[in-house]
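Position chain B with the ligands relative to chain A; hints supplied.
If you read the sequences in order, they're chains A and B. 1299 is the number of the first residue of the first sequence in the working numbering; add one for each residue after it. 1299 is the number of the first residue of the second sequence in the working numbering; add one for each residue after it.
Simulated from the structure, these hints should not be mistaken for lab results. Every clue listed holds true.
It does not matter which identical chain is used: a pair holds within one copy or between any two.
List time: in silico DSSO-like cross-link candidates among lysine-lysine, alpha-carbon distance up to 27 Å:
hint, residue 1, residue 2
1, Lys1443, Lys1366
2, Lys1368, Lys1449
3, Lys1366, Lys1449
Number of protein chains: 2
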Amino acid sequence: MWWVLVAQVFGLTSVILVAVWMGHYRGGFAWQGDPTHQFNYHPLFMVIGMIFLYGDGLKAVFDSHNLKKKPDPNLYSLHSWVGLMTIIFFGFQWVAGFVTFLWPGLALRLKNIYKPIHVFWGILIYAFALAAAMMGIVEKALFSKDLKYNKFESEGILINFLGIFLLAFGGIVVYLVTN
Amino acid sequence: MWWVLVAQVFGLTSVILVAVWMGHYRGGFAWQGDPTHQFNYHPLFMVIGMIFLYGDGLKAVFDSHNLKKKPDPNLYSLHSWVGLMTIIFFGFQWVAGFVTFLWPGLALRLKNIYKPIHVFWGILIYAFALAAAMMGIVEKALFSKDLKYNKFESEGILINFLGIFLLAFGGIVVYLVTN
Ligand code: HEM
Ligand code: HEM
Ligand code: HEM
Ligand code: HEM
Ligand SMILES: O=C1O[C@@H]([C@H](O)CO)C(O)=C1O
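Only chain A is shown next, with the shape it has when bound in the complex (with noise of 0.2 Å):
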């Protein structure tokens, strides 16, 4: 009802939030001649992915690593691991949840056994995807060496509210979820 109205607003502002960083702060959009700006589409997508998909924004990340003249390394930073398991469990619940509860005939008893495990898990997924989510805000903040986050600049007012509103966000959500 009035929270879902909320959630919505606070979700889109995300996006908006994200979509003006990336754009405007961080000089924009391009596919794969331009690693660099490669890079944007990862936040960008992985923000509206946390509705809609993945699979585009990690392609934008490893191509902005490993593209480059001189090549980034992968997976090593804390917000790559939780991102990384955030998606493997994504995909272990997308297979169980379409096993379980479309599988012809499986048997009721199993099918309510398995949903309070479903709802428990989505969540904890959910919880996963906004904690690695806020941590690729901060490391993006701390990359940017043309931004000096720690002297109140527009980009890292801009950025806090972004980090604000996504957390908010969740928070609506799995109450929403929950209740």
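Okay, now just chain B with the ligands, sitting in the frame of chain A:
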């Protein structure tokens, strides 16, 4: 039952990992004479404090900024905003819990209306503290100039495991509280 034990082990592991990180890799602990090493109490006390107390942990980080020859700014980061929000909500929750549950003769009906609100916010505040801690870990990893985080040095690996244990610990705590 089982999970309580696992949670204990993960929680304790987190405390040990953060203590080793700060005590061994980050040069150990000191109080007001030495702001850089005074900082090292902040993560340790904050992580312990997710179970015990905040006070000294916050003093450690504010001192570490303010007592420097060239003081660092306060409260510019997403981490610090989420951290402060957590502490403020924690304070409200504490007062509201105290008043509602312990005020002599408060109508039972009011207690019952407030109870699910208290439980929901309790869990949410806990999740906020976890998010703040995860972001703080990422910040500290990237602020440590003598750590090449993307070179898979042992300190970096320890940091990632700390984050994973903390997240797992948090997940189990929420599971226990909701089941
Ligand atoms: C749930 C959403 C997200 C997931 C699952 C995720 C996942 C990942 C993964 C797996 C990597 C490693 C890529 C590699 O090793 O080449 C990565 C890197 C990165 N991500 Fe994300 N990400 C998410 C959201 C975000 C957001 C919102 C930002 C914010 C700007 C961000 C910033 C970064 C940065 C700066 C890197 C490169 C440094 C590193 O490897 O940690 N991510 N992400
Ligand atoms: C990785 C992907 C998935 C996630 C994160 C996820 C998460 C969730 C969550 C959080 C709920 C609880 C919703 C609520 O109580 O309002 C739920 C319910 C449900 N999911 Fe999934 N799910 C996923 C994939 C699937 C798949 C692939 C199927 C089946 C094809 C499925 C079938 C269901 C069903 C039938 C329910 C309702 C259970 C009930 O009766 O309460 N889910 N899911
Ligand atoms: C729930 C636990 C935590 C809370 C509530 C919290 C809160 C805060 C607050 C309010 C500040 C701002 C201090 C100032 O402006 O002078 C701060 C700074 C800082 N914290 Fe934490 N903290 C927590 C856990 C951690 C952890 C586990 C680390 C990991 C190493 C960490 C690393 C930092 C760093 C590097 C700073 C200085 C940069 C900045 O202001 O963001 N924090 N913290
Ligand atoms: C900021 C501090 C607080 C937090 C984060 C917090 C959090 C929680 C949580 C998560 C629960 C649910 C536990 C469960 O269902 O097993 C709970 C239950 C409870 N809390 Fe708090 N709480 C706080 C302060 C207080 C205070 C100050 C009081 C009273 C003096 C209080 C009284 C209670 C009571 C009586 C319950 C049990 C409700 C029931 O019957 O299920 N809490 N609290
Ligand atoms: O800020 C960053 O941008 C990308 C990449 O460097 C762009 O080429 C990345 O991995 C960062 O840490």
